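**Q** So the chains spell out like this:
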Amino acid sequence: MSSNYVKTFMLWELLKGLKLTGKHLFKRKVTILYPEEKTPKSPRHRGLHALRRYPNGEERCIACKLCEVVCPALAITITSAPREDGTRRTTSYEIDLFKCIYCGFCEESCPVDSIVETNITDFHFENRGEEIFNKQQLLAIGDKYEKEIAKDREEDAKYR
Amino acid sequence: MLEYFTTAWHIAFMIVALIVTVILYTYSERKVIGFMQDRIGPNRVGPIGLLQPVADVLKLLLKEVIRPSHANRYLFLTAPLLSLVPCLAAWAVMPFAPHIAIADINVGLLFLFAMTSLGVYGVILSGWSSNSKYALLGAMRSAAQIVAYEIPMGFALLGVLMASQSMNLTTIVLKQQGGISHWYWLPLLPLLLIYWISAVAETNRSPFDVVEGESEIVAGFHVEYSGIAFAIFFLSEYLNMILVSMLATIMFFGGWLSPFEGVLSIQKFLQWVPNFVWLFAKTGFMMLLFLWFRATFPRYRYDQIMRLGWKIFLPITLLWIVLEAVAIQLHLQPWFAS
Chain A
1 MSSNYVKTFM LWELLKGLKL TGKHLFKRKV TILYPEEKTP KSPRHRGLHA LRRYPNGEER
61 CIACKLCEVV CPALAITITS APREDGTRRT TSYEIDLFKC IYCGFCEESC PVDSIVETNI
121 TDFHFENRGE EIFNKQQLLA IGDKYEKEIA KDREEDAKYR
Chain B
161 MLEYFTTAWH IAFMIVALIV TVILYTYSER KVIGFMQDRI GPNRVGPIGL LQPVADVLKL
221 LLKEVIRPSH ANRYLFLTAP LLSLVPCLAA WAVMPFAPHI AIADINVGLL FLFAMTSLGV
281 YGVILSGWSS NSKYALLGAM RSAAQIVAYE IPMGFALLGV LMASQSMNLT TIVLKQQGGI
341 SHWYWLPLLP LLLIYWISAV AETNRSPFDV VEGESEIVAG FHVEYSGIAF AIFFLSEYLN
401 MILVSMLATI MFFGGWLSPF EGVLSIQKFL QWVPNFVWLF AKTGFMMLLF LWFRATFPRY
461 RYDQIMRLGW KIFLPITLLW IVLEAVAIQL HLQPWFAS
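Just so you know, the sequences run in chain order A and B. Using our numbering, read the first sequence as starting at 1 and increasing by one per residue. Using our numbering, read the second sequence as starting at 161 and increasing by one per residue.
It is worth saying that the hints were derived from the structure and are not from the lab. Every value quoted in this text rests on a predicted model; they were computed, and no experiment measured them. Beta carbons are placed, not taken as given, at the ideal position from N, Cα and C, and that holds for glycine. It cannot be assumed that every hint is accurate.
[To be verified] Which bits of chain A does chain B cover? Going by a derived footprint, with three or more residues having C-beta under 8 angstroms, they are:
#1 11 to 21
#2 27 to 36
[What the hints assert, rightly or not] Simulated pairs of lysine-lysine, BS3-like, Cα-Cα distance not exceeding 30 angstroms:
#3 Lys471(B) - Lys19(A)
#4 Lys38(A) - Lys191(B)
#5 Lys23(A) - Lys191(B)
#6 Lys191(B) - Lys27(A)
#7 Lys7(A) - Lys471(B)
#8 Lys219(B) - Lys29(A)
#9 Lys16(A) - Lys471(B)
Could you build the full structure based on these sequences and the hints that come with them?
**A** Set out below in structure tokens:
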């Protein structure tokens, strides 16, 4: 009891606190300067969507609509029709990125690995309506980042 | 006539120097607290973020001063000035070297005490004239807190007064000559601690910042202020912090006296150092303590603040003053020789 009083009047606990913060003053800083530095991403990262193609340029999507069905946020809307060569293809494939919760179910459900979620996280919309990505935009993303997309799937394949 | 011009010139120089110091102080506050929290603080505006405070000031200058429709117009606009003017005026008696002050008066300590107490009027009037419940609550807390802590602070200063037998700040420093152990921090250690804690409470800084307590009363007395009016409150708060830091240096840490006085080998080596460097270095350390406290301690509860002020600090200061009086009567060496 009496030693407690002595400690209180010597501001012991306060000095201990000051010592701790004083130590941290000289510690290595953990800040990551975002646009210049980035934290590493997992190959499973679920970011912006993309539609892939086969190496011969044929689009993968066969309009099975499994992704549309499995989507818990009802963010995917697909219409389909037979193409001239008789195969079933999508006529439109739209994803509402505001509705999307980036759960990755669409990618899981896709039998032909067509719809994927890339590791792109930096994207923005400037006008109302721009958040709905159509088939052309999604295919364009897929064409542009095919290398990274393929590499990420490759890396993750052995764990599936 | 010429004398007035030189005085005016000194005052202008002082104000500019003080404002520059405040600007650097806000920058270092953000940097130091950032570093203590393992962050790196502002680093985007200018090299290593040095222009950040300039950007902040520009932003505040360009913003509109919004006046609440039911506020008392005159008091609302004079309150910031009422808090700024006393803490600028207090700097008039600060000695930077023996007898180098704008006004080297014999009641310097009393003048300082009067000026630091006047600052509370700005806080109270701003809180009341804003016609806002948060501002009023903040002002009430501030009034109670400043009254509570002025008394132990006054008694701590009384201890210095008794030891030095003078209210002239230059004399107080000169009485402490003779090296670190001769400074008043040693014989008046409890008074120093109480002075310093009261100073933190008086300037409404963390951990005694219930006046602004953003978690319960938004920002306290200055919620309704924006733009340059807010900037003036901000400026006076930081001026006050610098003021009490320098005051602590002068009264307890030998002002401009070199800490190596009496240690002949080092003293000779450091002969070239002008004496105001020591004053600024010590003041700088005391200013750092403010930031260090803010990064370390959680905010006191309001009733704890009152208990600390009235029930703990007041008896301790009274007791130590009696002990000090005995020591002075016994001419305890080396502090109370005369």
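**Q** Take the hints in turn and mark each one as holding or not.
**A** Hint check results:
1. 11 to 21: holds (count 6)
2. 27 to 36: holds (count 6)
3. Lys471(B) - Lys19(A): Holds, because 28 angstroms separates the two Cα atoms, which is no more than 30 angstroms.
4. Lys38(A) - Lys191(B): 22 angstroms, holds
5. Lys23(A) - Lys191(B): Judged against 30 angstroms, a Cα distance of about 15 angstroms means the pair holds.
6. Lys191(B) - Lys27(A): 14 angstroms, holds
7. Lys7(A) - Lys471(B): 18 angstroms, holds
8. Lys219(B) - Lys29(A): Measuring from Cα to Cα gives roughly 29 angstroms; hence the hint holds.
9. Lys16(A) - Lys471(B): This hinted pair holds, its Cα atoms lying about 24 angstroms apart.
Hint check: no violations occur; every hint is consistent with the structure.
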